[in-house]
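Whole structure, please, built from the sequences with the hints as guidance.
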Amino acid sequence: MKIEITSRKWITPSSPTPPNLQRLKISSFDQHGQNHYVPSFCFYPANEEECGVINNAEKSLRLQKSLSEVLTLYYPLAGRYSSDEPLIECNDKGAEYLEAQVAGSLSQLLSDEELEIQLQNHFVPPMFDPINSPPLVVQFNRFECGGIAIGVSMTHKMVDAFSAFGFITAWATACRIGIDKARPPSFELGSIFPPRDAFRIENWERKATDTNKIVTKRFVFDAVAISNLKAAVSASARNNSSELPKQQITRVKVVAALIWRSCIRVSQAVHGRMRPSIIKFPINLRGKTNLPIPENTCGNFAGWSAPHFMPNDEGEVKIHELVSRIHDGIEQTLSNYAKASSSDEFFIMVMNDFRKLDEALKHTEQQDVYLFSCWCRFPMYEADFGWGKPTLVSRGVQAHKEMILLFDTKDGDGIDAWVSLEENKMLLFKQDPDLLAFTT
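Counting in my numbering, the sequence shown runs from 204 upward without gaps.
No wet-lab data here; the hints were simulated from the structure. C-beta atoms are modelled at their ideal positions from N, C-alpha and C, and glycine is treated no differently. You may find that some hints are simply not true.
As the list claims (entries may be wrong) - Below, computed lysine to any residue pairings styled on SDA-like, alpha-carbon distance capped at 25 Å:
id, residue 1, residue 2
1, 521, 383
2, 228, 490
3, 628, 561
Said to hold, decoys possible - Label-pair distances were calculated between CB atoms; the ranges are:
id, residue 1, residue 2, range
4, 434, 379, 39 to 47 Å
5, 250, 636, 50 to 58 Å
6, 614, 448, 21 to 29 Å
7, 225, 448, 49 to 57 Å
Below you can see the structure in the form of C-alpha coordinates.
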(Lines of atoms letter the chains of each structure in order from A and count residues from 1; the text may use other names and numbers.)
(Lines give C-alpha, C1' and ligand atoms only; values in the text may rest on other atoms or scores of the structure.)
Protein backbone atom coordinates (compact mmCIF):
# COMPACT_ATOMS: atom_id res chain seq x y z
CA MET A 1 0.00 0.00 0.00
CA LYS A 2 1.77 3.10 -1.28
CA ILE A 3 1.46 6.55 0.33
CA GLU A 4 2.38 9.47 -1.93
CA ILE A 5 2.77 13.06 -0.74
CA THR A 6 0.82 15.31 -3.11
CA SER A 7 1.32 18.73 -1.50
CA ARG A 8 2.91 20.48 1.45
CA LYS A 9 2.54 23.97 2.84
CA TRP A 10 2.96 26.07 5.98
CA ILE A 11 -0.04 27.00 8.09
CA THR A 12 0.50 30.14 10.16
CA PRO A 13 -1.73 31.61 12.90
CA SER A 14 -4.76 33.50 11.54
CA SER A 15 -3.69 36.56 13.54
CA PRO A 16 -0.15 37.58 14.60
CA THR A 17 1.10 36.60 18.05
CA PRO A 18 1.26 39.77 20.21
CA PRO A 19 4.79 41.05 20.96
CA ASN A 20 4.44 40.33 24.70
CA LEU A 21 3.88 36.63 23.94
CA GLN A 22 6.63 36.13 21.37
CA ARG A 23 9.27 34.81 23.80
CA LEU A 24 7.88 31.97 25.90
CA LYS A 25 10.17 30.69 28.63
CA ILE A 26 10.07 26.89 28.69
CA SER A 27 9.59 25.02 31.94
CA SER A 28 12.25 22.89 33.59
CA PHE A 29 10.08 19.87 32.74
CA ASP A 30 10.08 20.79 29.04
CA GLN A 31 13.79 21.50 29.25
CA HIS A 32 14.43 17.91 30.27
CA GLY A 33 11.78 16.44 28.00
CA GLN A 34 12.60 13.76 25.48
CA ASN A 35 14.11 14.74 22.14
CA HIS A 36 11.61 13.03 19.91
CA TYR A 37 8.24 13.57 18.27
CA VAL A 38 5.07 11.70 19.21
CA PRO A 39 2.84 10.92 16.21
CA SER A 40 -0.85 10.08 16.61
CA PHE A 41 -3.43 9.14 14.00
CA CYS A 42 -7.20 9.47 13.72
CA PHE A 43 -8.87 7.27 11.09
CA TYR A 44 -12.27 8.24 9.65
CA PRO A 45 -14.23 5.98 7.30
CA ALA A 46 -16.08 7.35 4.31
CA ASN A 47 -19.69 8.03 5.22
CA GLU A 48 -22.01 7.74 2.24
CA GLU A 49 -24.56 10.08 3.81
CA GLU A 50 -22.09 12.93 3.95
CA CYS A 51 -20.05 12.27 0.79
CA GLY A 52 -22.18 14.72 -1.14
CA VAL A 53 -22.00 17.28 1.64
CA ILE A 54 -18.32 17.35 2.64
CA ASN A 55 -15.90 15.83 0.16
CA ASN A 56 -12.29 15.22 1.10
CA ALA A 57 -11.01 18.35 -0.64
CA GLU A 58 -13.43 20.44 1.41
CA LYS A 59 -12.44 18.59 4.58
CA SER A 60 -8.80 19.46 3.97
CA LEU A 61 -9.65 23.13 3.43
CA ARG A 62 -11.64 23.22 6.66
CA LEU A 63 -8.79 21.56 8.53
CA GLN A 64 -6.32 24.14 7.22
CA LYS A 65 -8.55 27.09 8.12
CA SER A 66 -9.29 25.84 11.63
CA LEU A 67 -5.65 24.88 12.17
CA SER A 68 -4.68 28.46 11.37
CA GLU A 69 -7.26 29.65 13.89
CA VAL A 70 -6.34 27.27 16.69
CA LEU A 71 -2.67 28.22 16.33
CA THR A 72 -3.62 31.63 17.72
CA LEU A 73 -4.41 29.77 20.98
CA TYR A 74 -1.53 27.29 20.72
CA TYR A 75 0.87 29.87 19.32
CA PRO A 76 4.10 28.16 20.58
CA LEU A 77 3.37 25.27 18.18
CA ALA A 78 3.77 27.75 15.31
CA GLY A 79 7.09 28.96 16.69
CA ARG A 80 10.58 27.50 16.95
CA TYR A 81 12.87 26.47 19.77
CA SER A 82 15.65 28.98 20.42
CA SER A 83 19.10 27.53 19.85
CA ASP A 84 20.67 29.95 22.34
CA GLU A 85 18.21 30.31 25.22
CA PRO A 86 15.72 28.06 27.06
CA LEU A 87 12.69 29.56 25.36
CA ILE A 88 10.37 29.21 22.38
CA GLU A 89 10.44 32.00 19.84
CA CYS A 90 6.75 32.39 19.02
CA ASN A 91 7.51 33.88 15.63
CA ASP A 92 4.50 32.51 13.67
CA LYS A 93 6.67 30.56 11.24
CA GLY A 94 3.91 27.99 11.24
CA ALA A 95 3.15 24.29 11.28
CA GLU A 96 3.78 22.08 8.27
CA TYR A 97 0.68 20.67 6.55
CA LEU A 98 0.97 17.83 4.05
CA GLU A 99 -1.57 16.04 1.88
CA ALA A 100 -1.09 12.45 0.77
CA GLN A 101 -2.85 9.85 -1.38
CA VAL A 102 -3.03 6.27 -0.11
CA ALA A 103 -3.24 3.49 -2.71
CA GLY A 104 -5.77 1.25 -1.03
CA SER A 105 -8.80 1.29 1.22
CA LEU A 106 -9.10 2.11 4.90
CA SER A 107 -10.91 -1.17 5.58
CA GLN A 108 -8.03 -3.06 3.98
CA LEU A 109 -5.59 -1.33 6.32
CA LEU A 110 -7.62 -1.83 9.49
CA SER A 111 -8.25 -5.51 8.78
CA ASP A 112 -4.53 -6.27 8.42
CA GLU A 113 -2.67 -5.68 11.69
CA GLU A 114 0.79 -6.17 10.21
CA LEU A 115 0.05 -3.72 7.39
CA GLU A 116 -1.36 -1.21 9.87
CA ILE A 117 1.78 -1.36 12.01
CA GLN A 118 4.04 -1.25 8.96
CA LEU A 119 2.38 1.87 7.52
CA GLN A 120 1.54 3.84 10.64
CA ASN A 121 4.71 5.90 10.66
CA HIS A 122 4.03 6.93 7.05
CA PHE A 123 0.80 8.76 7.86
CA VAL A 124 2.87 11.69 9.12
CA PRO A 125 6.51 12.38 8.20
CA PRO A 126 9.13 11.31 10.77
CA MET A 127 10.73 14.22 12.60
CA PHE A 128 13.93 13.91 14.62
CA ASP A 129 15.23 17.35 15.54
CA PRO A 130 12.91 19.46 17.73
CA ILE A 131 15.39 22.35 17.80
CA ASN A 132 15.55 22.92 14.04
CA SER A 133 12.20 21.50 12.93
CA PRO A 134 8.64 22.78 13.30
CA PRO A 135 7.05 21.70 16.60
CA LEU A 136 3.90 20.55 14.80
CA VAL A 137 3.40 18.59 11.58
CA VAL A 138 0.04 17.47 10.17
CA GLN A 139 -0.63 15.07 7.30
CA PHE A 140 -4.05 14.66 5.66
CA ASN A 141 -4.21 11.18 4.11
CA ARG A 142 -6.88 10.24 1.53
CA PHE A 143 -7.75 6.59 0.90
CA GLU A 144 -9.19 5.42 -2.42
CA CYS A 145 -12.45 4.46 -0.67
CA GLY A 146 -12.99 8.02 0.56
CA GLY A 147 -11.79 7.35 4.09
CA ILE A 148 -9.16 9.60 5.61
CA ALA A 149 -6.45 9.53 8.26
CA ILE A 150 -5.28 12.66 10.03
CA GLY A 151 -1.72 12.29 11.27
CA VAL A 152 -0.46 14.75 13.89
CA SER A 153 3.12 14.83 15.17
CA MET A 154 4.26 17.14 17.98
CA THR A 155 7.59 17.48 19.71
CA HIS A 156 7.77 15.94 23.18
CA LYS A 157 9.93 18.92 24.14
CA MET A 158 6.74 21.03 24.19
CA VAL A 159 3.86 18.69 24.95
CA ASP A 160 2.93 15.55 26.82
CA ALA A 161 -0.03 13.32 25.92
CA PHE A 162 -2.51 15.46 27.90
CA SER A 163 -1.36 18.59 26.04
CA ALA A 164 -1.37 16.84 22.67
CA PHE A 165 -4.98 15.71 22.99
CA GLY A 166 -5.94 19.10 24.40
CA PHE A 167 -4.64 20.60 21.16
CA ILE A 168 -6.39 18.03 18.94
CA THR A 169 -9.67 18.52 20.84
CA ALA A 170 -9.44 22.32 20.49
CA TRP A 171 -8.64 22.01 16.78
CA ALA A 172 -11.57 19.63 16.19
CA THR A 173 -13.89 21.96 18.09
CA ALA A 174 -12.75 24.96 16.03
CA CYS A 175 -13.29 23.01 12.80
CA ARG A 176 -16.71 21.70 13.80
CA ILE A 177 -18.40 24.62 15.58
CA GLY A 178 -15.98 27.57 15.60
CA ILE A 179 -12.81 28.81 17.28
CA ASP A 180 -14.80 30.72 19.91
CA LYS A 181 -15.92 27.34 21.35
CA ALA A 182 -12.38 25.97 21.67
CA ARG A 183 -10.85 25.88 25.13
CA PRO A 184 -7.61 27.90 25.31
CA PRO A 185 -4.59 26.37 27.07
CA SER A 186 -2.40 27.84 29.80
CA PHE A 187 1.32 28.35 29.26
CA GLU A 188 2.25 29.15 32.87
CA LEU A 189 4.55 26.19 33.55
CA GLY A 190 7.63 28.16 32.51
CA SER A 191 6.89 30.76 35.20
CA ILE A 192 6.11 28.20 37.90
CA PHE A 193 9.05 25.92 37.02
CA PRO A 194 11.68 28.12 35.34
CA PRO A 195 14.45 26.39 33.37
CA ARG A 196 17.63 25.39 35.17
CA ASP A 197 20.94 23.70 34.42
CA ALA A 198 20.95 21.15 37.23
CA PHE A 199 19.52 17.64 37.08
CA ARG A 200 20.25 16.96 33.47
CA ILE A 201 18.71 13.64 32.51
CA GLU A 202 20.25 11.48 29.83
CA ASN A 203 16.96 9.79 28.79
CA TRP A 204 18.74 6.52 28.16
CA GLU A 205 16.61 3.97 26.36
CA ARG A 206 17.16 0.30 25.78
CA LYS A 207 17.27 -0.23 22.04
CA ALA A 208 17.23 -3.23 19.79
CA THR A 209 20.44 -5.16 19.32
CA ASP A 210 21.89 -5.85 15.89
CA THR A 211 20.66 -9.43 16.04
CA ASN A 212 17.24 -8.86 17.57
CA LYS A 213 14.91 -6.39 15.93
CA ILE A 214 11.90 -4.91 17.71
CA VAL A 215 8.51 -6.41 16.83
CA THR A 216 5.18 -4.74 17.65
CA LYS A 217 1.88 -6.55 18.12
CA ARG A 218 -1.55 -5.36 19.17
CA PHE A 219 -3.50 -7.12 21.93
CA VAL A 220 -7.13 -6.11 22.50
CA PHE A 221 -8.77 -6.49 25.91
CA ASP A 222 -12.51 -5.93 25.43
CA ALA A 223 -14.95 -5.03 28.21
CA VAL A 224 -15.92 -8.65 28.87
CA ALA A 225 -12.30 -9.78 29.06
CA ILE A 226 -11.45 -6.98 31.48
CA SER A 227 -14.42 -7.87 33.69
CA ASN A 228 -13.20 -11.48 33.75
CA LEU A 229 -9.65 -10.35 34.43
CA LYS A 230 -10.78 -8.23 37.38
CA ALA A 231 -12.63 -11.26 38.75
CA ALA A 232 -9.47 -13.36 38.33
CA VAL A 233 -7.42 -10.77 40.23
CA SER A 234 -9.95 -10.73 43.09
CA ALA A 235 -9.98 -14.54 43.19
CA SER A 236 -6.17 -14.63 43.26
CA ALA A 237 -6.20 -12.32 46.26
CA ARG A 238 -8.84 -14.36 48.12
CA ASN A 239 -7.01 -17.62 47.44
CA ASN A 240 -3.96 -16.15 49.10
CA SER A 241 -5.85 -14.86 52.16
CA SER A 242 -5.76 -11.30 50.89
CA GLU A 243 -8.30 -8.74 49.78
CA LEU A 244 -7.78 -5.89 47.35
CA PRO A 245 -9.89 -2.73 47.71
CA LYS A 246 -12.11 -2.15 44.69
CA GLN A 247 -10.28 1.08 43.74
CA GLN A 248 -7.11 -0.93 43.18
CA ILE A 249 -8.72 -3.25 40.62
CA THR A 250 -9.04 -0.81 37.72
CA ARG A 251 -8.93 -1.86 34.08
CA VAL A 252 -5.57 -0.16 33.47
CA LYS A 253 -3.95 -1.72 36.54
CA VAL A 254 -5.17 -5.25 35.85
CA VAL A 255 -4.15 -5.10 32.17
CA ALA A 256 -0.74 -3.61 33.06
CA ALA A 257 -0.26 -6.31 35.71
CA LEU A 258 -1.13 -9.11 33.28
CA ILE A 259 1.30 -7.77 30.68
CA TRP A 260 3.98 -7.32 33.35
CA ARG A 261 3.52 -10.92 34.51
CA SER A 262 3.79 -12.18 30.93
CA CYS A 263 7.02 -10.18 30.50
CA ILE A 264 8.40 -11.68 33.74
CA ARG A 265 7.66 -15.17 32.42
CA VAL A 266 9.32 -14.39 29.09
CA SER A 267 12.41 -13.12 30.91
CA GLN A 268 12.50 -16.32 32.97
CA ALA A 269 12.40 -18.41 29.80
CA VAL A 270 15.16 -16.35 28.14
CA HIS A 271 17.51 -16.19 31.15
CA GLY A 272 16.72 -19.52 32.78
CA ARG A 273 15.70 -17.89 36.05
CA MET A 274 13.21 -15.40 37.35
CA ARG A 275 14.73 -11.91 37.53
CA PRO A 276 13.84 -8.74 39.43
CA SER A 277 11.96 -6.21 37.32
CA ILE A 278 10.67 -2.65 37.35
CA ILE A 279 7.92 -1.05 35.33
CA LYS A 280 8.11 2.63 34.48
CA PHE A 281 4.52 3.86 34.70
CA PRO A 282 3.44 7.43 33.79
CA ILE A 283 1.36 9.73 36.00
CA ASN A 284 -0.34 12.89 34.74
CA LEU A 285 0.40 15.34 37.58
CA ARG A 286 -2.34 17.87 36.80
CA GLY A 287 -4.70 18.15 39.75
CA LYS A 288 -2.47 15.93 41.89
CA THR A 289 -0.25 18.49 43.63
CA ASN A 290 -0.70 21.22 46.20
CA LEU A 291 0.74 23.77 43.77
CA PRO A 292 -1.44 26.23 41.80
CA ILE A 293 -1.10 24.47 38.44
CA PRO A 294 -3.93 25.22 35.97
CA GLU A 295 -5.81 22.09 34.87
CA ASN A 296 -5.47 23.14 31.22
CA THR A 297 -1.73 23.74 31.43
CA CYS A 298 0.14 22.91 28.22
CA GLY A 299 3.58 21.35 28.36
CA ASN A 300 5.26 18.39 29.99
CA PHE A 301 3.88 17.81 33.47
CA ALA A 302 4.09 14.10 34.18
CA GLY A 303 5.86 11.95 36.71
CA TRP A 304 6.73 8.29 36.81
CA SER A 305 5.96 5.56 39.28
CA ALA A 306 8.38 2.63 39.43
CA PRO A 307 6.85 -0.49 41.00
CA HIS A 308 9.37 -3.27 41.65
CA PHE A 309 9.03 -7.04 41.52
CA MET A 310 11.42 -9.30 43.42
CA PRO A 311 11.25 -13.09 42.85
CA ASN A 312 10.27 -15.18 45.88
CA ASP A 313 11.22 -18.68 46.87
CA GLU A 314 7.96 -20.05 45.45
CA GLY A 315 9.02 -19.08 41.94
CA GLU A 316 5.48 -17.90 41.23
CA VAL A 317 4.12 -14.53 40.14
CA LYS A 318 0.70 -13.78 41.61
CA ILE A 319 -1.25 -11.27 39.56
CA HIS A 320 -3.00 -9.65 42.53
CA GLU A 321 0.40 -8.83 44.00
CA LEU A 322 1.45 -7.05 40.81
CA VAL A 323 -1.82 -5.08 40.77
CA SER A 324 -1.16 -4.07 44.36
CA ARG A 325 2.42 -3.07 43.55
CA ILE A 326 1.26 -0.87 40.67
CA HIS A 327 -1.42 0.76 42.82
CA ASP A 328 0.88 1.28 45.81
CA GLY A 329 3.65 2.63 43.59
CA ILE A 330 1.37 5.30 42.12
CA GLU A 331 -0.12 6.22 45.48
CA GLN A 332 3.29 6.43 47.16
CA THR A 333 4.65 8.61 44.37
CA LEU A 334 1.71 11.02 44.61
CA SER A 335 1.89 11.02 48.42
CA ASN A 336 5.55 12.04 48.25
CA TYR A 337 4.86 14.79 45.74
CA ALA A 338 2.01 16.14 47.90
CA LYS A 339 4.57 16.95 50.58
CA ALA A 340 6.32 19.50 48.36
CA SER A 341 5.69 23.02 49.62
CA SER A 342 7.32 24.87 46.71
CA SER A 343 7.81 24.45 42.98
CA ASP A 344 11.57 24.02 43.51
CA GLU A 345 11.06 21.23 46.01
CA PHE A 346 8.49 19.55 43.76
CA PHE A 347 10.73 19.67 40.69
CA ILE A 348 13.70 18.26 42.59
CA MET A 349 11.58 15.37 43.88
CA VAL A 350 10.34 14.52 40.38
CA MET A 351 13.81 14.78 38.85
CA ASN A 352 15.30 12.57 41.57
CA ASP A 353 12.75 9.92 40.64
CA PHE A 354 13.70 10.34 36.98
CA ARG A 355 17.34 9.86 37.89
CA LYS A 356 16.66 6.64 39.77
CA LEU A 357 14.75 5.27 36.80
CA ASP A 358 17.48 6.26 34.37
CA GLU A 359 20.05 4.49 36.55
CA ALA A 360 17.89 1.38 36.55
CA LEU A 361 17.63 1.55 32.75
CA LYS A 362 21.41 1.59 32.49
CA HIS A 363 21.82 -1.58 34.53
CA THR A 364 19.67 -4.23 32.91
CA GLU A 365 22.21 -7.06 33.24
CA GLN A 366 20.59 -8.30 36.44
CA GLN A 367 17.09 -6.85 36.22
CA ASP A 368 14.44 -6.02 33.62
CA VAL A 369 12.83 -2.63 33.07
CA TYR A 370 9.57 -2.28 31.14
CA LEU A 371 8.44 1.10 29.85
CA PHE A 372 4.70 1.74 29.83
CA SER A 373 2.89 4.66 28.23
CA CYS A 374 -0.80 5.08 29.01
CA TRP A 375 -3.19 7.18 26.93
CA CYS A 376 -6.34 5.84 28.58
CA ARG A 377 -9.06 8.34 29.59
CA PHE A 378 -7.68 11.01 27.28
CA PRO A 379 -10.33 12.32 24.83
CA MET A 380 -8.87 10.34 21.94
CA TYR A 381 -12.17 9.42 20.35
CA GLU A 382 -13.75 12.86 20.78
CA ALA A 383 -11.88 14.33 17.81
CA ASP A 384 -14.95 15.19 15.71
CA PHE A 385 -13.92 17.74 13.08
CA GLY A 386 -17.40 17.84 11.63
CA TRP A 387 -17.65 14.45 9.92
CA GLY A 388 -18.05 12.20 12.94
CA LYS A 389 -15.76 10.68 15.51
CA PRO A 390 -12.79 8.51 14.47
CA THR A 391 -13.21 4.78 14.09
CA LEU A 392 -9.67 4.21 15.38
CA VAL A 393 -7.06 6.35 17.13
CA SER A 394 -3.50 5.11 17.54
CA ARG A 395 0.02 6.26 18.08
CA GLY A 396 3.04 5.81 15.86
CA VAL A 397 5.06 2.71 16.60
CA GLN A 398 8.53 3.42 17.97
CA ALA A 399 10.25 0.42 16.45
CA HIS A 400 13.65 1.18 17.99
CA LYS A 401 12.84 0.34 21.61
CA GLU A 402 10.88 -2.02 23.84
CA MET A 403 7.70 -0.41 25.12
CA ILE A 404 4.08 -1.08 26.05
CA LEU A 405 1.44 1.45 24.92
CA LEU A 406 -2.07 1.36 26.42
CA PHE A 407 -5.03 3.02 24.65
CA ASP A 408 -8.78 3.06 25.14
CA THR A 409 -10.86 1.05 22.72
CA LYS A 410 -13.47 3.12 20.92
CA ASP A 411 -16.25 2.22 23.40
CA GLY A 412 -14.05 3.44 26.27
CA ASP A 413 -14.45 0.19 28.21
CA GLY A 414 -11.65 -1.89 26.74
CA ILE A 415 -7.92 -1.42 26.24
CA ASP A 416 -5.74 -1.71 23.14
CA ALA A 417 -2.24 -2.75 24.18
CA TRP A 418 0.53 -2.21 21.62
CA VAL A 419 3.50 -4.25 22.82
CA SER A 420 6.97 -3.76 21.32
CA LEU A 421 9.57 -6.37 22.28
CA GLU A 422 12.68 -7.92 20.79
CA GLU A 423 11.66 -10.52 18.25
CA ASN A 424 12.77 -13.57 20.26
CA LYS A 425 10.84 -12.32 23.31
CA MET A 426 7.70 -11.56 21.30
CA LEU A 427 7.60 -15.16 20.07
CA LEU A 428 7.30 -16.25 23.72
CA PHE A 429 5.13 -13.36 24.89
CA LYS A 430 2.31 -13.90 22.39
CA GLN A 431 2.07 -17.56 23.47
CA ASP A 432 1.54 -16.80 27.17
CA PRO A 433 -1.62 -18.76 28.08
CA ASP A 434 -3.04 -16.10 30.39
CA LEU A 435 -2.51 -13.40 27.78
CA LEU A 436 -4.27 -15.56 25.19
CA ALA A 437 -7.16 -16.16 27.59
CA PHE A 438 -8.01 -12.47 27.91
CA THR A 439 -7.18 -10.95 24.51
CA THR A 440 -8.37 -11.01 20.94
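### Query
Which of the stated hints cannot be reconciled with the structure, identified by number in ascending sequence?
1, 5
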